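Heads up: the protein sequence lines correspond to chains A and B, in order.
In case it helps, my numbering puts the first sequence at residues 3 to 105.
In case it helps, my numbering puts the second sequence at residues 1210 to 1477.
Hints may be right or wrong, so weigh each one.
[Stated by the list, open to error] For lysine to aspartate or glutamate, the following DMTMM-like pairs were computed, each having C-alpha atoms within a straight-line distance of at most 25 Å: (1) B/Lys1476 with B/Glu1323; (2) B/Lys1282 with B/Glu1323; (3) A/Lys85 with B/Asp1249; (4) A/Lys69 with B/Asp1249; (5) B/Lys1288 with A/Asp5; (6) A/Lys78 with B/Asp1452; (7) B/Lys1476 with A/Glu29; (8) B/Lys1476 with A/Glu27; (9) A/Lys69 with B/Asp1437; (10) A/Lys69 with A/Asp92; (11) A/Lys69 with B/Glu1242; (12) A/Lys69 with B/Asp1241; (13) A/Lys69 with B/Glu1323; (14) B/Lys1267 with A/Asp5; (15) A/Lys85 with B/Glu1335; (16) B/Lys1265 with A/Asp5; (17) B/Lys1354 with B/Asp1241; (18) B/Lys1288 with B/Glu1335; (19) B/Lys1476 with A/Asp5; (20) B/Lys1265 with B/Glu1349; (21) A/Lys94 with B/Glu1323; (22) A/Lys94 with A/Asp5; (23) B/Lys1265 with A/Glu29; (24) B/Lys1328 with A/Asp35.
[Said to hold, decoys possible] Only part of the chain A face toward chain B is listed, based on derived beta-carbon distances under 8 Å: (25) Leu23; (26) Trp63; (27) Ala65; (28) Lys69.
[To be verified] Incomplete in silico selection of chain A near chain B, CB under 8 Å: (29) Arg8; (30) Arg21; (31) Asn70; (32) Phe75; (33) Thr76; (34) Asp96; (35) Ala102.
Calculated from the structure, these hints are not laboratory results.
Because the structure is a prediction, the values reported are computed rather than measured.
C-beta atoms are modelled at their ideal positions from N, C-alpha and C, and glycine is treated no differently.
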Amino acid sequence: MADPMRIRAQSSGGNAVVRVLMSHEMESGQRRDSAGKLVPAWHIMEVTASHNGKTVMTAEWGAAVAKNPFLQFTVKGAKAGDKITINWKDNKGDSRTDEATIS
Amino acid sequence: MYKKTLWGAAACALLLASAAAQQPKTASQGIDEYRAMLQDGNPADLFEAKGEGLWKQKRGPKNATLEQCDLGKGPGVFKGVFVELPRYFPDTKRVQDLESRLLTCMSTLQGFDEAELAKTAFGRGEQNNLTALATWIAAESKGMKFNLSQSHAQEKVFYEVGKRLFFQRAGSHDFSCASCHGEEGKRIRLQDLPRLTQNPGDGVGFAAWPAYRVSNGQMWGMQQRLNDCYRQQRFPYPGFASDATIALGLYLGVNSKGAVSIAPAIKR
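Next comes chain A alone, as it looks inside the complex (with noise of 0.2 Å):
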């Protein structure tokens, strides 16, 4: 079970800034441990982002973004009091989803 994001929303001049923090290993697959075994890859594929139910952004990500991943996008005309929805799913089939309003 992965742990929950934080996700904080701010309205500004008829948009909402997004803040996300994901906890995630986001291990790239190159990494040996002391054994001298490669780690396998371990990170988020798709993340997924929809205000009020609805798709406003989809990203691909891969091995290269860092642990415990910080995304911040901005919405264009998303209001204080809706509901901002974002969604991960990693290489091994885990998933996430976290809701916040906007404040």
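Given chain A's structure and the hints, the job is docking chain B onto it.
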């Protein structure tokens, strides 16, 4: 050939001079800017959320929550306890810091094996959970001022012991904590080191841990901070939640009286 190098050197010097004129920024200012950029979106928030969840979750062999844990202000009180730890606890008859107290609660309330948990490596299994709990408890005192008690005789003893440990020189490098933290203006590579024999200021030294370290993506409590200081001094590792580490922490905490806690902080 000789002339050419000379010209090259002159050009280099000119270039350096102009670069210096354009950027009066020192290396440590650059690091401060980098830290400020990281401040937004401190992954310590993730550990904080995890810790809060763990506090209320029924866990361990006794399947109990930690909500009855007494951190110094009575069972279940978590606001403002961090800035008064380490302190003397009459039930265990020991001076304890936040992490050793959580260890006590996890063993008495939840039934975890205290000795086994203390032996677990940092960042593994239940140690990871303990750090998350400490992160959350510390965050509940963010912005408050350190005010450690020195009223109990044991607390005075721990202060004196901590002070001696701070100045004790040993190991292959004949090092002590004071070698780096005993005067102003010392640094390790580009990291400015606080002077810990006095109050180093708000959010510096004792007032900044637990902290998330960006370089290795780990959340560190004060115990791990001290453990790593000893590693850098080439000392043997002190035991987790040992009296020595608590005494050292208490010494730093008492010295930090009046400093504002910014924990959980973010570190390079």
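Results for each hint:
Among the hinted pairs, B/Lys1476 with B/Glu1323 is inconsistent with the structure: their alpha-carbon atoms are about 30 Å apart, more than 25 Å. For the hint linking B/Lys1282 to B/Glu1323, the alpha-carbon distance of about 22 Å falls within 25 Å, and the restraint holds. Distance restraint check for A/Lys85 and B/Asp1249: the Cα-Cα separation of roughly 22 Å lies within the 25 Å cut-off, and the hinted pair is therefore satisfied. Of the pairs offered as hints, the one joining A/Lys69 and B/Asp1249 holds, with about 16 Å between alpha carbons and a cut-off of 25 Å not exceeded.
Distance check on the hinted pair: B/Lys1288 and A/Asp5 sit about 24 Å apart at the alpha-carbon level, within 25 Å; holds. Note on A/Lys78 and B/Asp1452: the hinted pairing is violated, with a Cα-Cα distance of about 56 Å set against a maximum of 25 Å. Between the alpha carbons of B/Lys1476 and A/Glu29 the distance comes to roughly 21 Å, so the proposed pair stays at or under 25 Å and holds. About 18 Å separates the Cα atoms of B/Lys1476 and A/Glu27, which keeps this hinted pair within 25 Å; it holds.
Proposed proximity of A/Lys69 and B/Asp1437 is supported: the alpha carbons are some 22 Å apart, at most 25 Å. Restraint check: the Cα-Cα separation between A/Lys69 and A/Asp92 comes to about 13 Å, which is no more than 25 Å; the hinted pair holds. This hinted pair checks out: A/Lys69 and B/Glu1242 have alpha carbons roughly 21 Å apart, not beyond 25 Å. For the hint linking A/Lys69 to B/Asp1241, the alpha-carbon distance of about 22 Å falls within 25 Å, and the restraint holds.
A hinted pair counts as satisfied when its Cα atoms are at most 25 Å apart, and A/Lys69 with B/Glu1323 does not qualify at roughly 31 Å. For the suggested pair B/Lys1267 and A/Asp5, the alpha carbons sit about 17 Å apart, so the restraint of at most 25 Å is met. A threshold of 25 Å between alpha carbons decides the hint, and for A/Lys85 with B/Glu1335 the separation of about 35 Å lies outside it, so the pair is violated. Using a Cα cut-off of 25 Å, the hinted pair B/Lys1265 and A/Asp5 holds, with the two alpha carbons roughly 16 Å apart.
With a C-alpha separation of about 23 Å, the suggested pairing of B/Lys1354 with B/Asp1241 holds against the 25 Å cut-off. The hinted pair formed by B/Lys1288 and B/Glu1335 meets the criterion: a straight-line CA distance of about 23 Å does not exceed 25 Å. The suggested pairing of B/Lys1476 with A/Asp5 holds, with an alpha-carbon distance near 22 Å, which does not exceed 25 Å. With a C-alpha separation of about 15 Å, the suggested pair B/Lys1265 and B/Glu1349 falls inside the 25 Å cut-off, and the hint holds.
Taken as a hint, the A/Lys94 and B/Glu1323 pair is broken in the structure, with Cα atoms around 34 Å apart against an allowance of 25 Å. With a CA separation close to 15 Å, the supplied pair A/Lys94 and A/Asp5 stays within the 25 Å bound. Using a Cα cut-off of 25 Å, the hinted pair B/Lys1265 and A/Glu29 is violated, with the two alpha carbons roughly 30 Å apart. For a cut-off of 25 Å, the pair hint linking B/Lys1328 to A/Asp35 stands: about 22 Å separates their Cα positions.
Contact between A/Leu23 and chain B, as hinted, is supported at the beta carbon level, the nearest pair being about 5 Å apart and thus within 8 Å. For A/Trp63, the shortest C-beta to C-beta distance to chain B is roughly 16 Å, which exceeds 8 Å, and the interface hint is violated. Among the interface hints, the one on A/Ala65 is violated; its C-beta lies about 15 Å from the nearest C-beta in chain B, farther than the 8 Å criterion. The interface hint given for A/Lys69 holds, since its Cβ lies 4 Å from the closest Cβ of chain B, which is under the 8 Å cut-off.
Because the beta carbon of A/Arg8 sits about 5 Å from the nearest beta carbon in chain B, less than 8 Å, this interface hint is met. Interface restraint check: A/Arg21 against chain B, minimum CB-CB distance 6 Å, threshold 8 Å, status holds. Interface hint status for A/Asn70: upheld, as the beta-carbon distance to the closest one in chain B is roughly 4 Å, under 8 Å. With 8 Å as the threshold, the beta carbon of A/Phe75 stays out of range of chain B, its nearest partner Cβ sitting at about 13 Å, so the hint is violated.
Interface hint status for A/Thr76: violated, as the beta-carbon distance to the closest one in chain B is roughly 15 Å, over 8 Å. The beta carbon of A/Asp96 comes no nearer than 16 Å to any beta carbon in chain B, farther than 8 Å, and the hint placing it at the interface is violated. The closest approach between the C-beta of A/Ala102 and any C-beta of chain B is roughly 13 Å, which is over the 8 Å cut-off, so the hint fails.
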